[in-house]
Amino acid sequence: MGKYILRRLLQQIPIMLGVSILVFSIIQLAPGDPLASYMQNPNMTIAQMEALKEAYGLNASPVQQYFSYMKNALKGEFGYSIQLKQPVSKLIAERLGATFFIAFGSLLISILIAIPVGVISATKQYSFIDYAGTIFALAGISIPIFFFAILMKKWFAIDLRWFPLSGFVSPGKNYVGINMIKDILNHSFLPLIVLGLAGAGSLMRYTRSSMLEVIRQDYVRTARAKGLKERVVIYKHALRNALIPVITLLGFTLPGLFSGAITTEIMFSLPGMGRLQYNAVLHRDYPIMMGTNLFLAIFTLIGNLLADISYAAVDPRIRLD
Amino acid sequence: MKKSIVLLLALAMVLSVFLAGCQPKEAPTGTQEPSSEGEPAVEPAATIPGSERGNVLTIGDTSPEGIFNPNTYSAVYDHYIIELVFDKLLNIEENTELTTEGALAKDYKVSDDGLVYTFYLREGIKWHDGEEVTADDLVWTYNDILQPDYKGRGYTAVMQSIVGAEDVKAGKAETAEGIKALDKYTVEVTVTEAYATTLRDLGYLEIMPKHYYGGMTADEQANLNREPLGNGAFKLKKYEVDQYVELEANKDYWQGPPKLDGIIYKVIANVDQLSEFETGAVDAVNFEGSVENYETIKGDTFAHGDLINNMNNGYSYVGFNFKNPILADKNVRQALTYGLDRKGFVQSFFGDEGGFVCHAPVSPVSWAYPDVDKLNPYDYNPDKAAELLEASGWKMGADGIREKDGKKLALKWCSYNDAEWSMKITALAVEQWKKIGVDLTIELMDFNSLSTLISDEGNADKWDLWNMAWGLTADPDMYDVFSKTVFPPGNNRGFFENESIEKLMKDGLYEFDQEKRKEIYQELAIEFNEELPYMFVYIRTNPWLVSKRVKNFNPTEFKDWSNESQLIEIVQ
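Note that the protein sequences, when read in sequence, are chains D and R. Going left to right, the first sequence walks through residues 1 to 321 as UniProt numbering numbers them. Going left to right, the second sequence walks through residues 1 to 572 as UniProt numbering numbers them.
Hints listed in this document are in silico derivations from the structure and should not be mistaken for laboratory results.
No farther apart than 27 Å at their CA atoms in a straight line, the calculated lysine-lysine pairs in the BS3-like style are these:
1) K484(R) to K518(R)
2) K173(D) to K251(R)
3) K154(D) to K298(R)
4) K173(D) to K548(R)
5) K384(R) to K407(R)
6) K484(R) to K53(D)
7) K172(R) to K53(D)
8) K182(D) to K238(R)
9) K237(R) to K182(D)
10) K210(R) to K90(D)
11) K184(R) to K210(R)
12) K548(R) to K154(D)
13) K259(R) to K173(D)
14) K90(D) to K238(R)
15) K237(R) to K173(D)
16) K173(D) to K551(R)
17) K238(R) to K173(D)
18) K236(D) to K124(D)
19) K53(D) to K462(R)
20) K259(R) to K551(R)
21) K237(R) to K90(D)
Heads up, incomplete: computed chain R residues facing chain D, CB under 10 Å, no partners named:
22) S63
23) T197
24) A222
25) R226
26) K266
27) E278
28) L450
What you are looking at is a predicted structure, and each value in this text was computed from that prediction instead of being measured. Virtual Cβ for every residue (Gly too), placed ideally from N, Cα, C.
Let's have the full structure, built from the sequences with the hints guiding it.
Here is the structure:
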């Protein structure tokens, strides 16, 4: 196992290099100019534009730019944002907490809803609960997030006034300790529910279909024939096998935990990675685009690795080395 | 299994009640007042929402970029914070004239030839850390903009004209010889060009403390962007990215302590602008001037607010590409303008209160705006448009598209899809121009791509029209937008060229007599209106909704609310 992990980790190095070249090329090839937003100024002169290009090192050839970027990146310096004029690593770091909290919290809600409902739907196929679950799942998949968010805000923040309309913390209160946690929970309840319910749908369908397949397997029939209780058959023998594909799915969501949810962030004014990346693309802020993409690439690779390793944990048939 | 669903639901409800109860107890905010549930909260004599926040003003607006540095900021939201923290060398009055009132300079002098500017600083004014504001700080502030690694927008034509500026930019000198501290409180700036805008560009800026920002590279200085040190009425206490900026009063402010204890600038989403005000979470909000919004604020739940409906200092336009011979013909440009119902467009898009049809590249509230009767409104008139096209030899073809010398009257409009108005006006133009025999193709892209496309001279044959908007300053000078010296990559993206306008713009730029300047710019507005380098489309409003508990919160066309913030007061 240790050998396997080490081998896989070494494989990631050339993959990361390839990713960096690919991302850099795509960014360079896309139409647009990181200094375009400077042009939206009636007093901008050509001399000024030239001075800015020089200051940002944009006069160098793309190949030179790539090598100087990578040289600094290996030292842990990811450059300064052109738009926000702050170190890219700092811009990412200060948004990670909220991004992860929202993504992880909503994933947890999704799992807590989807897996029990999925299992029940499968065991009681074509029952009322199955249909109800399916309808909810389809609704969760098809209702646009922004619309769902507006509804929740209208009901719970404007009409009932149970929760604040937006934001992640109360401005100017500077809470610490337990009050800070309460404040954050109070602010993030609506976005968590919105994202959690929206994500539950597809996860529930996966669980259901995977479970349906498993309960028809011979070993489940054997377990039943041994006279085991139905509960043990379902939750001990069947569920464990049914969860294997679901785990793969969750492995892929790991980078998603850090990539942010742009719509939810905008709707609820959350300080997340989604907005940072979106604005970076709009402004062609090359350093942020490179930085966030490399960062997410690392998490994608780790996510895949973790999914592979956890296969072995749930399925003893898989031998990694 | 029904039981388990009921159980699940019960669990969800318990959870939500628990979380609803999670609000920190000692923090009653306006959003949680149970009294106003159900019916609209119109108790006339009742307290105004937000009163529990006391003597602190809460503003709701778009997220600042966190560049609270007067020399390098770019967003207007950042500049609000900058104006609260820093004072300017010279201030402006309502009529845009420069004044020493409330400014760091107590006096200034301009030499007769307009080449030497002397500023006399007030004595004894302190930075927030207790150091005195001196001539060295001003000298440093100018030189900072001239450094080779400077990355802001301040290196304007005026800054370039300072004696020795180019040497500093090229790295040949550390400071420009044209900027001198004559004594502890006097600074003399020598320039090579006597522009009428020089005093404004040199004076209407915030001074930065050299002892805090000096002696570092541009990137090192950027690390201080979120901990600005100024001398203004407020100090920055906390910046929480994409959430809020908290400022506290500077009790030692030289114009007397501010009336507020503090200001909170709360980041809110566009969709929440009115809801946040309605629930009392913010005391003032700058909202989008859409028809629906103006309708909404007439409701009872907005009774605690007053509308300040200023015109936005800027205009939106559709630009013509003069490299295309079809559009170089004035008749065609006028015909296209007559052929598009701009009034109807503005009416349907903004209603009566949110925007106005624009006729010239000058703000209607500026002294430079001519008598409105002298401007052609180009009211929608397809017949007149057809007449003008006929006059230029464009004959209607069998397919409904006009032709001249075997060439079709076909145009390509490049537009951006990240703004609603550009989507709507392009669709309207396709439909209405068809009626006057013009075949219009639309190509949509994002704003940045469009900006890049039209800023490259080599792309001039790839497009005929584009649309965008310009922000204006307090001075009407438009030389850097319409002069033939600023073809792409400069700002004159449509390659507009006109002898008489060129001369007037230059005269205006070098004229120091205000009365003469007024004549020049009014004449220019009339000529632009006739020549149409752009089809001017609209000027929108910049509406604020301000709670009745706030006094002296007065944004105007040329001054933001943050200017003279020491006077803002909370009365309830």
